[in-house]
Amino acid sequence: MPQQPFRSKIAGWGRYPVVDGLQYKSENLETATEKATLSRGLGRSYGDASLPARADFPVADTTLADRLLSFDANTGVLRAEAGASLLQLNRAFLRRGWFVPVSPGTQFVTLGGMVASDVHGKNHHVDGCFGEHVRSLKLRVADGRILECSDTSERELFLATIGGMGLTGHILEVEFTMRRIASPWIWGESERIECLDAMIAGLKEAAQQWPMTVGWVDCIARGANLGRGILMKGRWATPDEAPEAPPSIKGRFRVPMEFPGIALCRPTMKAFNLAYYWKHFQKVRHGIVHPDSFFYPLDMLDDWNLIYGRRGFTQYQCVLPKADDNGPARRFLERFVSAGGMGFLCVIKDCGAEGKGMLSFPRPGISIAMDFPIHAQKTPRLIDRLNELVIAEGGRIYLTKDTFTKPKHFLAMEPRWEAFNAVRRKWDPDARIRSALSARLLGDMQ
Amino acid sequence: MNAVVFGASRGMGRAVARELALRGDRLFLVGHVVDQLAISAGDIEIHGAKAPVRTAYCDLLDPGTFGPALDRAQQELGNIDAVIVTAGLFGSQEELEHDPAFAARLLTANFTNTVLFCEEARRRLLAAGGGTLCVFSSVAGDRGRKPVILYGAAKAGLSRYLEGLDHKFRSAGLKTVCVKPGFVKTGMTSGLKPPPFAGTPDAVARRVVKAIDRGWPEVYVPWPWSWVMRIIRHLPRFCMRRIGF
Chain A
1 MPQQPFRSKI
11 AGWGRYPVVD
21 GLQYKSENLE
31 TATEKATLSR
41 GLGRSYGDAS
51 LPARADFPVA
61 DTTLADRLLS
71 FDANTGVLRA
81 EAGASLLQLN
91 RAFLRRGWFV
101 PVSPGTQFVT
111 LGGMVASDVH
121 GKNHHVDGCF
131 GEHVRSLKLR
141 VADGRILECS
151 DTSERELFLA
161 TIGGMGLTGH
171 ILEVEFTMRR
181 IASPWIWGES
191 ERIECLDAMI
201 AGLKEAAQQW
211 PMTVGWVDCI
221 ARGANLGRGI
231 LMKGRWATPD
241 EAPEAPPSIK
251 GRFRVPMEFP
261 GIALCRPTMK
271 AFNLAYYWKH
281 FQKVRHGIVH
291 PDSFFYPLDM
301 LDDWNLIYGR
311 RGFTQYQCVL
321 PKADDNGPAR
331 RFLERFVSAG
341 GMGFLCVIKD
351 CGAEGKGMLS
361 FPRPGISIAM
371 DFPIHAQKTP
381 RLIDRLNELV
391 IAEGGRIYLT
401 KDTFTKPKHF
411 LAMEPRWEAF
421 NAVRRKWDPD
431 ARIRSALSAR
441 LLGDMQ
Chain U
1001 MNAVVFGASR
1011 GMGRAVAREL
1021 ALRGDRLFLV
1031 GHVVDQLAIS
1041 AGDIEIHGAK
1051 APVRTAYCDL
1061 LDPGTFGPAL
1071 DRAQQELGNI
1081 DAVIVTAGLF
1091 GSQEELEHDP
1101 AFAARLLTAN
1111 FTNTVLFCEE
1121 ARRRLLAAGG
1131 GTLCVFSSVA
1141 GDRGRKPVIL
1151 YGAAKAGLSR
1161 YLEGLDHKFR
1171 SAGLKTVCVK
1181 PGFVKTGMTS
1191 GLKPPPFAGT
1201 PDAVARRVVK
1211 AIDRGWPEVY
1221 VPWPWSWVMR
1231 IIRHLPRFCM
1241 RRIGF
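Quick note, the sequences are listed as chains A and U, same order.
In terms of our numbering, the first sequence has 102 at position 102, counting the first letter as 1, and numbering is strictly consecutive.
If you count the second sequence from 1, you need to add 1000 to reach our numbering.
Take the hints with a grain of salt, since some may be wrong.
[Said to hold, decoys possible] List time: in silico SDA-like cross-link candidates among lysine to any residue, alpha-carbon distance up to 25 Å: (1) U:1050 - A:91; (2) U:1146 - U:1108; (3) A:9 - U:1187; (4) U:1193 - A:22; (5) A:426 - A:132; (6) A:250 - U:1146; (7) U:1050 - A:94; (8) U:1185 - A:69; (9) A:204 - A:250; (10) A:250 - A:228; (11) U:1050 - A:69; (12) A:204 - A:327; (13) U:1210 - A:94; (14) A:9 - U:1200; (15) A:250 - U:1193.
[As the list claims (entries may be wrong)] Okay, the calculated beta carbon distance ranges per label pair: (16) A:147 - U:1126: 31 to 41 Å; (17) U:1051 - A:406: 29 to 39 Å; (18) A:287 - U:1163: 44 to 54 Å; (19) A:381 - U:1033: 52 to 62 Å.
Think of the hints as simulated: they come from the structure by calculation, not from any bench.
All C-beta atoms in this analysis are idealised placements derived from N, C-alpha and C, irrespective of residue type, glycine included.
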């Protein structure tokens, strides 16, 4: 049955920008992607990466194509349709002792999205990005052909697709290797940290002993307290440490409506950050942790993006290359505070080696991510100032989070862009597959 | 539990089958798109259903396929504890008004043939001493409403039939579960604007499995729809004539 696209509002997780776009949605991805200019999954990229370049360019919603196609319990190799979600994989596999090799901070992502963003997680310093564990992809390229690409077949296309923001073709199926885990529970340790130097030293030290680490930073604290926060470390619990019962399905709450703009002003953000910091009153805590609380603390609140109200929000995430001192991270936080930045949540992580994806985000160094509400005039200026600093430090930003970066800044921080573009042009000379992000940053026709 | 699912390739049927698979039930799938059915069987198996998950051809538009498909299921599973029917056609009121042939097909599939399938299932379940017959009707059958006149009429008939089965055969061990979904975001409804209280197939599936386990004769999913429909059922005619719902 030929499908008709339907009109609906399309936005990223930051709820800005919003497009009244056209969508194809079907259990059959091959038909849904036939006339689409872009595929999108659960829409958890923050900015315009999953939005059409123009409102009348249809996009394919992949979320109904979520079947698991094959699984080998000896090797852990799983093949699934691109719309399968991490939530679904965790429900099916966690209690049987398997977990994805790399998990981002939310379960509401599809496999296709995990490849397109080449997601990283708390174990980046050990296991790299998700793309390192992908064996093969089934892709519909711009001329309509459907082909399989991997390290041994159409390798260039494979590497451009990993972290390629969906711009090389429609990802239809993903084959990757699941990880055996000792138990479905986490043994975690968290530590209250007084300042930035201690935080970065703590991350580096923890990376030697723990497979999973991440830091939360109080974005309001300044001066001697700059960079204070909580350092979280974890590993899969051994069977004798873990409770006998598998982790229960956690109840979720829904944010019922858009909060008024006043809800997130300086005092409430200050109060939140202060409360989060001092909730961890003891210096060190450790014990068994529910995997959902460890990996996906924000997932318990459905639609939490509504808290930011009508104007929406954005996240800025950059990676600053390794330096002998903590200068880059300090200069970044100072610039953020001095430019009037007011973060609600800030996450810090030391990254391991660069991945094989041509535009994959992480590289060795310190990654900092922060959420803040959008202010029509101030936010673009703030992002410009942050980007200038990131360029000066030799770092780069994560496109999955980006909404406001200008093309000149992007090109200055991405020398890898030319190689990616060459592959993209080879497979798609007219840039038929494009997004609002590629129109903004790469000059694709709107 | 050993269950037969008619309609597991897509939408809510897929979600209910997965929910049962996650707890390790034994499943048998029947449907009419044979290659898709095989892929769905693989998916259900990977989700945790007892292997192997087998399938049989069964077409809602061809009642002659019902008996043989259920016989195959019985051979495969041994004893059937539950038969779950989510298969059905959908068309908007406009489409159906303008295409009498489609209207005839939808009315036949969603009422006559669904009832005939249930009759085949009922006979087999009763002969084996009882079981659960869980069938997806719709809130559209609760009241004559402008956007779902034809679709709703077939579902109204189906709901009454299931109610009657429950009254007559519950004492003999046949539990009938009539599921009345409100708006659920599936492929069937993609393109329609979701109203408030629109549900996801997963949430619906969890509640349906609970209803099957407990033998609820009627279940609204997602649950707020039971209150919405309670109001709609009691609205006077002059109101129903005015509103577009």
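Is 29 to 39 Å respected by the C-beta to C-beta distance linking residue 1051 of chain U and residue 406 of chain A?
Violated, since residue 1051 of chain U and residue 406 of chain A (Cβ atoms, about 54 Å apart) do not stay within the stated range.
Just to be careful, I want the Cα atoms of residue 250 of chain A and residue 228 of chain A compared with a cutoff of 25 Å; is the pair within it?
Violated, at about 30 Å.
Given pair status - residue 94 of chain A, residue 1050 of chain U, alpha carbons within 25 Å
The given pair, whose Cα atoms are some 17 Å apart, holds under the 25 Å limit.
Satisfaction of the hinted span 31 to 41 Å by the C-beta atoms belonging to residue 147 of chain A and residue 1126 of chain U:
For residue 1126 of chain U against residue 147 of chain A, whose Cβ atoms are near 53 Å apart, the range 31 to 41 Å is violated.
Can you confirm whether the C-alpha distance between residue 9 of chain A and residue 1200 of chain U stays at or below 25 Å?
holds, 18 Å
Tell me if the straight-line CA distance from residue 250 of chain A to residue 1193 of chain U falls inside 25 Å.
It is violated: about 29 Å lies between the C-alpha atoms, which goes past 25 Å.
Tell me if the beta carbons of residue 287 of chain A and residue 1163 of chain U are separated by a distance inside 44 to 54 Å.
holds, 52 Å
CA of residue 426 of chain A to CA of residue 132 of chain A, is that 25 Å or under?
holds, 24 Å
Sort out whether residue 1187 of chain U lies within 25 Å of residue 9 of chain A, counting only the CA atoms.
holds, 17 Å
Measure nothing beyond the straight line between the CA atoms of residue 204 of chain A and residue 327 of chain A; if it is 25 Å or shorter, mark the hint as holding.
Judged against 25 Å, a Cα distance of about 15 Å means the pair holds.
Residue 1050 of chain U and residue 69 of chain A: Cα distance at most 25 Å?
holds, 16 Å
Given hint residue 94 of chain A paired with residue 1210 of chain U - CA-CA distance at most 25 Å
Between residue 1210 of chain U and residue 94 of chain A the Cα gap is close to 22 Å, so the pair holds against 25 Å.
Comparing the model with each numbered hint stated earlier shows that hints 6, 9, 10, 15, 16 and 17 do not hold.
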